[in-house]
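Protein chains: 2
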Amino acid sequence: MFLSAIGALFFGFQTSPAGTPVSSSDSLWLWIAIGVGLLALVAAAVLAKIVLAGDTGTAEMQAISNAIREGAEAFLARQYKTIGILAVVIAIVVFCGYNFSPRTHDVAIKTVIAFLVGAICSGLAGFTGMYVSIRANIRTASAARTSLNKALQAALRGGAVTGLVVVALSLLGVGALFFFFGGLERPQQVPYELVGFGFGASLVALFAQLGGGIYTKAADVGADLVGKVEAGIPEDDPRNPAVIADLVGDNVGDCAGRGADIFESTAAENVGAMILGAALYPVFGIKGILFPLIVHAINLVASIIGVAIVKTNDTEDPMSALNRGFYVTSALALGGFAYAVHAMLNGPGVQWTWLLGCGIVGMVTAFLFVWITQYYTESKYRPVQSIAEASLTGPATNIISGIAVGMETPALPVIVISAALLLSYYFGVRGLGDVAGISNYAKGIYGTAIATMGMLSCAAYILAMDTFGPITDNAGGIIEMSNQPDSVRDKTDKLDSAGNTTKALTKGYAIGSASLAAFLLFSAYLEEIKTLVTLKVSAAGSAGFMPAGWSFTNINLAEIPVFVGALLGAMLTYLFSSLAIKAVGRTAQMVVKDVRDQFRENPGIMAGTSKPDYARCVSIVTGAALKEMVLPGILAVGLPVAVGLIFRNFSASYGSGSVALAGAASLVPTINGIPVNLGGASAVAGLLMVGTISGVLLAMLMNNGGGAWDNAKKWIETGQYGGKKSDAHKAAVVGDTVGDPFKDTAGPSLHVLIKLLATITLVLAPLFL
Amino acid sequence: MFLSAIGALFFGFQTSPAGTPVSSSDSLWLWIAIGVGLLALVAAAVLAKIVLAGDTGTAEMQAISNAIREGAEAFLARQYKTIGILAVVIAIVVFCGYNFSPRTHDVAIKTVIAFLVGAICSGLAGFTGMYVSIRANIRTASAARTSLNKALQAALRGGAVTGLVVVALSLLGVGALFFFFGGLERPQQVPYELVGFGFGASLVALFAQLGGGIYTKAADVGADLVGKVEAGIPEDDPRNPAVIADLVGDNVGDCAGRGADIFESTAAENVGAMILGAALYPVFGIKGILFPLIVHAINLVASIIGVAIVKTNDTEDPMSALNRGFYVTSALALGGFAYAVHAMLNGPGVQWTWLLGCGIVGMVTAFLFVWITQYYTESKYRPVQSIAEASLTGPATNIISGIAVGMETPALPVIVISAALLLSYYFGVRGLGDVAGISNYAKGIYGTAIATMGMLSCAAYILAMDTFGPITDNAGGIIEMSNQPDSVRDKTDKLDSAGNTTKALTKGYAIGSASLAAFLLFSAYLEEIKTLVTLKVSAAGSAGFMPAGWSFTNINLAEIPVFVGALLGAMLTYLFSSLAIKAVGRTAQMVVKDVRDQFRENPGIMAGTSKPDYARCVSIVTGAALKEMVLPGILAVGLPVAVGLIFRNFSASYGSGSVALAGAASLVPTINGIPVNLGGASAVAGLLMVGTISGVLLAMLMNNGGGAWDNAKKWIETGQYGGKKSDAHKAAVVGDTVGDPFKDTAGPSLHVLIKLLATITLVLAPLFL
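Sequence order for the protein chains is D and W.
If you want this note's numbering, it's the 1-based position in the first sequence plus 7.
If you want this note's numbering, it's the 1-based position in the second sequence plus 7.
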């Protein structure tokens with residue numbers, strides 16, 4: 008019994024599926040998930056229709072909004088063209104690589120299809136979300152002329168379109184591929200054939216976030232440098248030729264970029280969790296594989312209701328209304344999660360309450376991350392106040408203080424993540440404690456996977472709140488540029504302030520989910536390597552099976568190739584950040600140059616007698632940002648591949664030769680007499696895991712440091728330490744400018760890098776053996 | 008034969024020593040090493056005498072020099088008192104911990120003795136070096152009035168006293184303890200009993216570097232903020248009450264701090280290499296254990312000659328003269344190293360040329376690190392120029408550009424370290440390739456150990472160049488404050504500029520040797536755990552021996568406790584840096600306050616009619632810096648201990664339960680029927696290794712970023728981009744100020760932290776099992 012369970016767990020791929028066969032009642036879960044996904048798209052369409060039916064304000068407002076829309080659409084069109092070319096190249100590389108690997112031709116084709124579907128879905132989600140956002144901005148601005156509630160609802164519903172489309176497309180893409188690849192017949196094998204979907208999503212997300220992040224901050228910094236500093240005109244002044252580029256940036260960076268980021272998170276988490284579910288097939292049957300899809304179906308339903316109930320009045324802080332929606336969504340998601348765990352994760356020896364505990368750990372982790380982010384970035388707490396106070400002695404002490412705060416920020420989140428991993432692992436071991444034939448390791452890892460799903464179970468609502476940010480930001484800009492009365496401005500200012508908070512919180516949430524999901528994706532990678540080695544050994548004719556208990560769960564840092572991979576992984580995060588930050592600087596210089604040129608060529612601009620050429624500036628930033636995103640992107644894709652290929656070929660000299668077969672302790676163990684070189688796979692694993700740790704910490708430093716600088720400046724502007732135009736304020740402006748590329752370019756790009764590392768290593772694993 | 012060799016390698020500790028017995032000709036090497044160490048102390052005394060015989064200049068110069076001397080000595084006295092109390096507390100903890108561990112009472116006493124000897128030797132080395140430096144400064148200043156050559160020689164010889172005393176005391180301390188603990192009788196066991204020496208050295212180094220680093224930058228930043236910015240008086244102006252504190256800071260930070268840092272490097276490297284030598288006892292006999300001591304004997308002889316030949320004329324760049332001395336030292340060290348490898352590292356099957364290759368890899372690595380540091384911090388190359396150019400658009404772009412440069416800096420060093428590890432491992436495997444009964448892993452690791460020794464084989468000369476820095480800096484300050492003619496100032500300016508370069512280079516060298524030595528120390532830690540497990544299993548009555556081939560060489564990042572340890576290790580480096588930077592800020596505020604108070608209480612100071620109370624300011628900085636060093640210090644010591652103890656007690660739930668004995672793949676394997684919980688030891692190893700990687704990268708970012716900002720400012724001062732007092736210069740001053748606590752407090756403290764982590768885990772390993 009014990010041995011047959013082991014056999015089923017580890018070698019199911021070669022033999023016929025073991026455990027319970029897929030019954031029609033079990034496959035029903037797939038149709039439920041897909042059905043909810045389709046309904047969510049309908050809901051998104053309805054929301055979009057409601058938002059687009061809103062009033063579009065004065066002709067002046069429309070002119071500004073149209074300029075933003077055209078700029079954003081032009082950027083997205085050119086960006087997708089660049090990404091499309093890169094995606095086709097990578098698809099060819101993946102296809103060729105698979106054909107030279109232990110994988111079959113059939114899997115090569117499926118992986119490439121999944122990759123392209125993932126890339127297209129990600130692009131589609133980004134495009135749809137932005138299509139609505141750049142139209143919701145003017146409706147929000149217009150609604151603000153009558154009622155705060157209407158404006159709030161317009162912005163949140165516009166944002167919800169992004170949230171719903173992102174999560175629904177991720178669910179539908181994975182669900183449909185699972186079905187068409189024959190998941191109902193071969194449920195244990197098909198999850199491995201979906202890894203391309205996650206990689207496609209990551210690749211688009213990397214370039215969307217990098218390109219958008221470079222665009223938004225280059226336009227922002229460039230407009231400020233030449234407008235506020237040189238020409239002495241206020242922010243969002245229509246005489247500044249870069250002002251439209253700045254507003255476009257909010258959309259392509261925050262909206263399209265973060266949408267792609269969360270799309271990638273849910274896609275990678277879906278696929279990774281399905282692979283782990285496949286490893287537990289003997290316990291849960293296909294229900295364990297479909298569970299992540301059902302979690303996102305619940306996520307969609309809960310988020311739709313959460314968005315629908317949000318309303319406010321003209322005196323309330325908009326943040327309270329948004330929080331109410333979040334609490335409702337969370338409560339519904341928790342209830343749904345509990346039902347799904349009870350109904351799906353059952354079997355002999357399973358104690359579902361412990362598994363629900365894992366999900367609750369994930370949800371609590373999400374709350375704590377959001378709370379910690381608030382502590383470090385809101386002006387009522389010590390960190391931001393210490394930066395504001397340090398501004399009294401000039402920009403140098405402001406910067407030193409901000410960096411010190413940034414470096415302090417990883418401490419609490421790391422403790423939370425550590426506790427979440429330890430607890431959910433322990434709960435997983437307890438919840439599956441009476442199941443025979445599965446290692447504690449597999450049980451515990453599944454516990455961490457459930458925690459990750461719990462953390463992402465409100466993703467659609469969170470994303471709606473996030474996209475709320477750029478919509479209200481744009482609405483504020485439109486109101487400012489079209490000279491509306493102060494009372495209207497007050498309303499959009501309130502919304503804008505809430506939007507800044509939601510944007511900061513989402514970053515905390517995104518990095519939290521990335522770090523928890525990282526462990527899930529490592530485990531999926533280890534499963535994939537195990538499967539590949541099994542294939543290789545059986546292809547070499549070794550009786551078609553592996554030694555009992557063999558499993559690739561060993562990334563030994565004391566092996567030189569792993570340690571070198573780890574060093575290079577950590578280094579990658581620094582170099583990548585450096586390139587991203589420098590790209591912002593160079594692109595901003597081009598903005599500065601164009602604005603100076605326009606002022607010189609057309610003196611009527613400053614006099615207010617003629618309009619600047621907004622489109623020219625938009626076009627320059629677009630071209631530069633797209634050019635600049637390529638080098639860091641190629642570094643991120645190329646380094647793991649290079650490390651895998653180099654150590655695949657050279658690691659034989661570095662294996663602990665005298666250790667025969669000891670788990671996978673040796674880099675070149677002999678399995679059934681066949682030498683299997685694990686050097687490449689191990690070095691890549693070291694790169695992946697330590698690169699992730701380093702990336703998570705650096706991203707926290709930059710996101711929270713940047714947010715704290717921003718709010719220290721805003722706090723001084725409320726009249727503290729001399730208020731606006733004081734020396735302290737000037738110092739704080741320096742800190743805010745330094746923080747811009749940190750928090751809006753390098754930091755968010757690092758989130759995506761972390762997940763790209765996970766999916767690229769998962770997809771290209773066959774090349775490393 | 009094979010089995011007996013394995014037995015001798017792995018179980019020699021329990022049985023009688025195998026291999027060749029210690030002949031008197033072999034033990035001669037110990038006496039040679041100790042003899043050279045004693046001779047080096049004599050040479051240091053002679054050098055000190057020559058320097059102290061120099062002219063001490065005018066009464067005005069003497070008054071300034073005396074004030075510096077008193078301040079530095081007062082700081083050191085109070086600092087050593089604080090460190091002494093902490094050391095006694097830790098000694099008691101170590102003693103108690105050992106008595107509850109697999110180690111015997113006898114080893115507990117020896118470890119505590121070694122710890123205290125290490126701490127005292129480190130303190131003594133720091134004190135002696137500084138005793139001479141704070142007297143060499145005025146001799147250098149006085150000599151500059153007549154000849155550049157005399158001034159250069161006075162400063163370098165003063166620095167050489169530190170270099171020689173540091174390396175000689177490290178050599179003598181380890182050598183004497185080895186002898187008194189019975190190393191000639193039990194050569195394989197005694198190296199493990201010396202680990203306390205390295206820990207004692209690290210502990211003193213941590214507090215010396217932290218306290219000194221906080222002192223020096225708090226005084227510097229505080230004096231600048233209140234002097235240059237508020238009162239508008241130039242740097243080093245005698246009316247500034249903080250000016251003496253600033254000059255004292257150069258000595259206690261750069262001189263005493265870096266001396267303790269390098270003392271720790273050589274001590275930890277000596278002990279770690281001796282432990283690996285003990286593992287190779289069947290091959291080399293005691294010669295393999297004594298080899299590291301002989302390398303440092305060669306280091307001392309080569310460095311004495313190198314220092315002796317340095318001379319210059321009045322027109323040459325002093326850096327060229329210093330480099331000539333370095334080349335001579337390197338050539339001599341290489342020759343001596345080759346002889347020592349040939350004479351000592353031989354045995355059946357050994358190919359010594361490959362082992363020499365390992366040493367050469369280490370030396371080349373040192374050169375490359377120095378070169379890369381120059382590239383990133385000298386004004387003739389792109390990085391510094393890009394920062395200077397970015398200063399044109401204000402402080403924000405200066406800071407962004409500097410951080411981007413800092414984040415770029417780890418890339419090349421990481422590639423160099425990776426190549427050095429891979430090459431020296433491979434050479435080690437080749438050089439010991441025909442030796443039977445030893446794993447490739449042990450062979451390769453010994454290769455990396457030889458590379459580390461090669462890298463440190465010029466340490467005494469490097470340290471002489473480093474201490475040259477604060478001496479010339481002080482000499483410049485004395486000349487400035489005592490109103491000497493411009494021609495004299497020109498000479499000290501030249502020396503000061505060379506001193507800035509040597510200080511930057513030494514930091515590159517220190518971080519390079521720390522990262523290479525880190526792998527050596529990991530391996531020593533793994534050996535120690537193996538030995539402890541063997542002791543524990545044999546104490547439990549399991550026939551007194553271990554399964555063949557069992558070895559703790561597995562730090563599996565995929566295990567949750569290891570991964571959590573890794574996360575916490577990386578987090579530690581960020582939090583520690585944050586605390587160090589904030590400590591500088593708080594202490595600087597106290598300087599600012601005192602100077603403001605003095606100006607207000609005594610208006611005669613600014614009028615030039617009465618002298619400020621330098622001593623009061625010195626005393627305030629002293630008290631504050633010593634208070635501030637405690638928290639980051641305790642964090643560094645406490646976190647690894649806490650992780651080890653927590654996972655020792657709770658990891659049973661996290662082990663991969665189903666894997667029986669697979670190397671050490673399981674956290675709780677059963678060895679001969681006895682469960683051995685490796686959870687604590689593994690989690691600490693994860694913390695150590697990933698903490699080291701993160702610390703090395705962060706330190707490079709801060710050291711090189713800080714150096715680049717400093718030199719960008721200096722480059723602008725040569726007339727670029729508007730020169731002094733231009734807006735670009737003001738922006739560059741902001742960058743320089745930000746860089747100060749980076750490059751002189753947090754960065755160097757991280758070097759020490761990395762090595763402290765290695766030695767503390769080595770010493771406290773018995774507590775984690």
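Worth flagging that the hints you see were computed from the coordinates, not collected in a lab.
Among the clues, some could well be false.
One copy or two, either will do: identical chains are not told apart, so a pair holds if it fits within one copy or between any two.
To be verified - No more than 27 angstroms apart at the CA atoms, straight line, and that leaves these computed lysine-lysine pairs for DSSO-like:
#1 K318 - K387
#2 K235 - K88
#3 K157 - K537
#4 K318 - K157
#5 K543 - K737
#6 K387 - K731
#7 K235 - K737
#8 K732 - K235
#9 K88 - K387
#10 K721 - K737
#11 K56 - K387
#12 K737 - K634
#13 K600 - K737
A quick note: this is a predicted structure, and the numbers were derived from the prediction, not measured.
Hints and how they fare:
1. In this assembly of identical chains, K318 and K387 lie within 27 angstroms of each other by CA distance solely inside one copy; the values are 26 angstroms within and 61 angstroms between copies.
2. Proximity of K235 and K88 under a CA criterion of 27 angstroms is satisfied in neither setting, with 34 angstroms inside one chain copy and 54 angstroms between copies.
3. Proximity of K157 to K537 under the C-alpha cut-off of 27 angstroms is found in neither arrangement, the shortest distances being 55 angstroms within a copy and 69 angstroms between copies.
4. For the homomeric pair K318 and K157, the shortest alpha-carbon distance inside one copy (8 angstroms) is at most 27 angstroms, but the shortest distance between copies (81 angstroms) is not.
5. Taking the closest pair of Cα atoms, K543 and K737 never come within 27 angstroms of each other, the shortest separation being 64 angstroms inside a single copy and 64 angstroms across copies.
6. Proximity of K387 and K731 under a CA criterion of 27 angstroms is satisfied intra-copy only: 18 angstroms inside one chain copy versus 40 angstroms between copies.
7. Taking identical chains as interchangeable, the C-alpha atoms of K235 and K737 lie at most 27 angstroms apart whether they share a chain (12 angstroms) or sit on different chains (19 angstroms).
8. Proximity of K732 to K235 under the C-alpha cut-off of 27 angstroms is found in both arrangements, the shortest distances being 12 angstroms within a copy and 23 angstroms between copies.
9. In this assembly of identical chains, K88 and K387 lie within 27 angstroms of each other by CA distance neither inside one copy nor across copies; the values are 45 angstroms within and 40 angstroms between.
10. For a Cα distance limit of 27 angstroms, the shortest separation of K721 from K737 qualifies both inside one copy, at 12 angstroms, and across copies, at 25 angstroms.
11. Taking identical chains as interchangeable, the C-alpha atoms of K56 and K387 are never at most 27 angstroms apart, the minima being 39 angstroms within one chain and 61 angstroms between chains.
12. Taking the closest pair of Cα atoms, K737 and K634 never come within 27 angstroms of each other, the shortest separation being 33 angstroms inside a single copy and 33 angstroms across copies.
13. Taking the shortest Cα distances, K600 and K737 sit within 27 angstroms of each other both inside one copy (23 angstroms) and across copies (23 angstroms).
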